[in-house]
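Novice: Just so you know, the sequences run in chain order A and B. Using our numbering, read the first sequence as starting at 1 and increasing by one per residue. Using our numbering, read the second sequence as starting at 1 and increasing by one per residue.
What the hints contain is simulated information worked out from the structure, not anything from laboratory work. Fair warning: there could be bad hints in the mix.
The list treats identical chains as one, so a pair stands whether inside a single copy or across any two.
Stated by the list, open to error - Simulated crosslink set (DSS-like; lysine-lysine; CA at most 27 Å straight-line):
1. K604 <-> K451
2. K690 <-> K763
3. K195 <-> K57
4. K703 <-> K667
5. K690 <-> K705
6. K18 <-> K57
Number of protein chains: 2
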Amino acid sequence: MQQQTTYSPLTLITPTAKMSAAVHGGRAKCLQRLIRLDMPVPVTVALSFDAVHDAAKGRLPDMQTLLAPFGDDPLLSVRPSSQDPDWGGPGAILNVGMNDARHAALTQTIGVRQATDMYLRFIQSYAIHVARLDPDAFYLPDTPDADSLRAMLETYEQETDEAFPQDVAAQLSEVLRSMARAWDGTTARLLRQAKGAPVDAGLGLVVQAMALGVGEGECGQGVIQFVDPATGAPRVVGRYISQYQGQELSRKSEGALFLNRDPRGPSLEEICPDQFAQLLSYGDLCRRRLREEMEVIFTLQDGRLRILDAIRVQRSSRAAVRIAVALAEDGIIAREEAVMRVEPAALSELLHRQVDPEADRDVITGGIAASPGAASGRIVLTSAAAQASAARGEPCVLVRRETTPEDIRGMHAAQAVLTMRGGVTSHAAVIGRGLGVPCVVGASDLVIDRKADQVKAADGRVFAVGDMITVDGTTGQVLAGEPPTLEAALDDTFQTLLHWADDYRDIGVRANADTPADAQTARNFAAEGIGLCRTEHMFFEGHRLGVMREMIFAEEGADRRAVLDRLLPMQRADFQALFEIMAGTTVCVRLFDPPLHEFLPADKAGMRDLATQLALPLPEVTERVQALSEYNPMLGMRGVRLGIAIPEIYDMQARAIFEAMVAVRQKDIKINVEIMIPLVSAMREVELMKARLDAVANAVRTKSKVDFVYRLGVMVETPRAALRAEDIAGHAEFLSFGTNDLTQMTYGLSRDDAGRFMSAYVKQGVYAEDPFHTMDIEGVGELVALGAERGRRGRPDVALAICGEHGGSRSAIAFCRAHGFDYVSCSPFRVPVARLTAAQLTLLDPDRPSRNS
Amino acid sequence: MQQQTTYSPLTLITPTAKMSAAVHGGRAKCLQRLIRLDMPVPVTVALSFDAVHDAAKGRLPDMQTLLAPFGDDPLLSVRPSSQDPDWGGPGAILNVGMNDARHAALTQTIGVRQATDMYLRFIQSYAIHVARLDPDAFYLPDTPDADSLRAMLETYEQETDEAFPQDVAAQLSEVLRSMARAWDGTTARLLRQAKGAPVDAGLGLVVQAMALGVGEGECGQGVIQFVDPATGAPRVVGRYISQYQGQELSRKSEGALFLNRDPRGPSLEEICPDQFAQLLSYGDLCRRRLREEMEVIFTLQDGRLRILDAIRVQRSSRAAVRIAVALAEDGIIAREEAVMRVEPAALSELLHRQVDPEADRDVITGGIAASPGAASGRIVLTSAAAQASAARGEPCVLVRRETTPEDIRGMHAAQAVLTMRGGVTSHAAVIGRGLGVPCVVGASDLVIDRKADQVKAADGRVFAVGDMITVDGTTGQVLAGEPPTLEAALDDTFQTLLHWADDYRDIGVRANADTPADAQTARNFAAEGIGLCRTEHMFFEGHRLGVMREMIFAEEGADRRAVLDRLLPMQRADFQALFEIMAGTTVCVRLFDPPLHEFLPADKAGMRDLATQLALPLPEVTERVQALSEYNPMLGMRGVRLGIAIPEIYDMQARAIFEAMVAVRQKDIKINVEIMIPLVSAMREVELMKARLDAVANAVRTKSKVDFVYRLGVMVETPRAALRAEDIAGHAEFLSFGTNDLTQMTYGLSRDDAGRFMSAYVKQGVYAEDPFHTMDIEGVGELVALGAERGRRGRPDVALAICGEHGGSRSAIAFCRAHGFDYVSCSPFRVPVARLTAAQLTLLDPDRPSRNS
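Extracted from the complex, chain A is given alone in its bound form (with noise of 0.2 Å):
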């Protein structure tokens, strides 16, 4: 604010001008480097914010002062100019100075038609905008002649008890005070802090002289630019229209010109060659010197070209990062801000393919956005549904009230996956991140009718199953039909870029993945290795349920042991594919966490057949799926619990790890393994698996006479974990916070059943965000920090991490990069957000290392 005292109200722009975007906004800034480089701007004058501010109090500038530059009877644009382009502003009002003097002078020049057109105009605009009088009254006549500009005349005098203002002060004074005091209004102020604009944001205004763009020789106004938005490949877009003068450039079509050379028709190219040039060395001066593409708004008057204005290109997420990089790698900005112009976020439209923002949207119902990416198929409401589907090569989309870990085969073969309940971090929705597979959960305006095979929209409509449907699980939507789509973009920019933000951040980025598949994207998106591979989704796999229920059964450890020894060799394959995939990077299996019951039917038919498979009575087999139901299985037996109670499928577990390590080896692959125990509440929980581990690594290393080491941790996930961290420690070589649980806990709230009312506590701002979400810094991340401390008293060597689907969010990589964390790992599909971020982040550090490279 002090800073202002310092800068004139009224600031004619010229290339020496005192000026800044802090006190005159962008759009004057800007306008002050087109004139220092030269370019042939209309003279123009900026109202700095407080000027502004002060018109909105009806403290008017000096009216004398302002009209000095444009000489006599000017004819005047003003347009606003915010700090930020984003925040917007009042329309700009254009010929502020026409009156009937001017009209009747106009005629004269540029014809009846066109000066009576533009006077029409002006009323209108100034009726409408300035006078606040009813639109209705003021529309424009078909035919602008003599007649209709003296009835809208009339109009105005009518409606305001004055004649229509002939004097240009009193116009622009009217037309400042009104575009000062929308600036004001409580929508204006609404819009703009949604974008992230500060309460006492201020408003500058742009006087300019009007190019007309109509009149004799090649009159017209164009807007041209020289990069693709969609793709950012460089390509003149933009258009021409002659006699025109506006700003509806794209919605017009009369006299409207290629800019290029175009088969189709005339282009400006061609009409003013010389003109056209001078155009293209603007757009390059202005990439060189601005360092950033624009576009440019221009005129031509009697062939003569006017750059009125020049604004950054808007552009698709894909078209930033080849604009970034293009200007990085021409030398014109440093590849730091390369990394720094691209938002993270976007990047992950880019890892999926994409409905086509230009495509009609039948939308069935919205739901939240849980995996993104687009994908169409026809609706299965069974997951034996959608394997069948995929056996026949037909798209499909999994329709489930939830998913189970039952479901997985299924969500596999499906293209898209849709459910009525849960939340942002449910099953589906995690599932579907990992799998990269497009996920919309908590649809819960959806009905599913299994007896009639149908969906019911909340709308009435009906879609059985067979239908097309698409899931766009970047938006939310649902969509009826099968709209066009535009594929990813993983092109050769996209991972200049990424590469060039590793050679900044200073923390580790790491992927979960729990199947080769998955270990395959995360490679491909160059994550530095896994942070958590679940283990469990190997038991769901083919006829491994079958062995897994047996082992259930089982009714001493021998027997259990007996039955997972079949599992061995399966558990040893998937490890030795993910290791072989991931070969010189570093592997952190967790072991068994789920409770057993998941992997039991719950419903009479299944268990009657599960009877049947393990030639058991079915009261028997009843009642032991019901002995091993839980009130609340997320707080149960499960995780270490279950390893410490049926220690065999962690020794099974163990084994298969350690044998594909040594198989692995055999094939000179590097690879290093970390075991991570899930759920541990207690240090002797860890001594005791240590213990075991142990015991069965040495029983590998004998018999297979290979030597190798594994490093063992903790994955922190219940308050007490963080707790007793500087105990655990004293047992784990890492410390992994698992922050979905934790999360859990601490808020005492299970992500399963918090979609129910978790949109009302945000809205309410009872939370500020759902902290499945977005990390709960003050408390979860309390939970995190402490533990991390202790885990260094305990250990000061001990590795610390965050899993989980806060893994990749900028405020957990801030956070884990406050504390001093060694990687973050999050889902395939979001390591490349995460290694942006991480680079980001590091950048913006003013305490980061200064760097050789």
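With the hints as your guide, set chain B onto chain A.
Specialist: For chain B alone, coordinates are given in the frame of chain A:
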């Protein structure tokens, strides 16, 4: 250890000998006290712990020194003297010194048969306990004669290749060595450590001249005590047997006399009136000078009284209270000491009817002792059957796999509750304790067969509905039939002791009480108020459940309000009754907490009934029930989350509370009311609720024209609420830590699901204790301490408390005292225990301020 060097290893016990229980053991020290009181104790030498320790290593004391005080040819007894008599020790060995010569001499004085019997018994005990020979080879003959004596001596020689030792010193050496070694045996060590003995607990021995108890004139041995061990009432209890020596006094009937004059037969009082009077005076002397009720072991030798030993009277819990109070009332001990002498846990026995300890127990199975007391009744398997049974006036035991809130009425109606699932803090256990209904949970051996209306035990026995069983909630046993029981013992001495305790304790004790009946129990046990009144039970009673369900099915806020208006007068009446019972104290009402699905039927039949009742189609009811079901109800839509989502419930409750306050105020009853918000995880929840409650309070004030105040507080039961306690205390006048839920969330462990593995976990030392039973100081405790500290930072005078199952436990009370909490709140039947525990902790606290009272 250091001090032992100043004691001699062998000490002839005299009034002035330098002795200590920590060096010579309790028995030796007690014998010295008897000698100081001039009682006729035979010559006794004490061996110190060090001497015995040396003997075990083979370094025996000097026999000549040891034997010197006993004269020539002594007959000796050797008895153990551990520091605490509870720690056990080897059995006594009598008549050391018996040999052929002594046998021959004794035949002259006490007769052949008696002398031979003595010798045989000595050889037998020496052979078995000292020489460690096969007991089967050394049985006592029917007729103790010369042949049998010769045979036993030969057997001894055959087994050992040595003649039976004839030298007193040799015999005594071996006896000492064998007793010393027995103390080091594994079993003996484990047994005493289980009773709290330290690893290096020592054993002393006392060597005493035998007082024969056989021979001419009135000879015999007896034991006498002066209080009833079951009730603690003054009464002579014991036995005397003529011509007898040894330790099987209670088993032998031949020659047994009554002590007091008795119409059923001869008594010591009649035969030896002087000696009897002497014994009574010794009893009184012990009581006054040893400050304890003692059991005295004595012999008569030709009418001459000898006191062999005196030990603390074994006593029931009831007797312990009466004895301690009587000693204090007689001025023998201070009131503080009386308060310290009673084990608080023992009190809970007195609050409940018990199975007579003398009764035969036909144990069906064992489970977890969840709510103390014993009750018998006929088996019922449903709540409805329990209520029907109660209506017929027939006692019943409700047997369920597990109980749910719907079973409350059945639990009220039943004499006892037995479940197959759940742990010490399961629903059945918590409610059982609250109601004071004996309860055994987790009796997982039993199987309910609903079709056959039977319960099957693991041993194959089948108990049908209607069969009589007994639940012993004190031991956790389930018994067949109806064994005799003893009444609860809330007599005057019990009340006296607790009032003394109240004079000393420095922390408040409130009760968790949900109903007027609970409140009356709390009042009877002198709770200082209600620390936790759970209001949800109020919604299950009578036809309220139906109204509640209607509310759940209401579509809009207005409809819900209309339905809730029908509950309002009932809730108001509940609170009014509660306030009247608790007049003059404070009642803390916790607002509605459980998830709504607890009020809905779980089975098809229930849903059909509900559909009929609500006149809704069944599918709609089914769908709604399904929609409300939760994966993890513990972490779901309950507590303040419901309060925010469906504010009409809390509004109604608040109105009922405030109107009840106004109503009792109009009866001139004083009551302090606190309102507590459950399951808070963020400050804003409290802020929103406070605004809402204040609005209701204002409306009630305006309408009633009565002014009143209430205090608003928060139940801190999520880790996040503890972490954010500073913020939260800004809006809360008190913080009550709900350690049940806080434990569940800190460990990530559902109390209802933990039962399946908790005992194994504790057995393996994974958890030192069941954290639902004993508060986890290191984990949960840290959160509580941190919450308390931050709460005070946010509001220096914030009141702090613990409510929940831990509230009455010693460790929790100690914790609360250490952190300056205001009170603990526990189930009504724990209140006396908590009062006594708090007093003891205060008395033990070296920092407690001295008191004038």
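Novice: Work down the list of hints and note, for each, if the structure agrees.
Specialist: Each hint tested on the structure:
1. K604 <-> K451: So K604 and K451 pass the 27 Å test inside a copy (17 Å) and across (18 Å) alike.
2. K690 <-> K763: between (46 Å within a copy, 19 Å between copies)
3. K195 <-> K57: Within one copy only: 25 Å inside, 87 Å across.
4. K703 <-> K667: within (18 Å within a copy, 85 Å between copies)
5. K690 <-> K705: The answer is within: 21 Å in one copy meets 27 Å, while 69 Å across copies does not.
6. K18 <-> K57: This pair counts as within: shortest intra-copy Cα distance 25 Å, inter-copy 102 Å.
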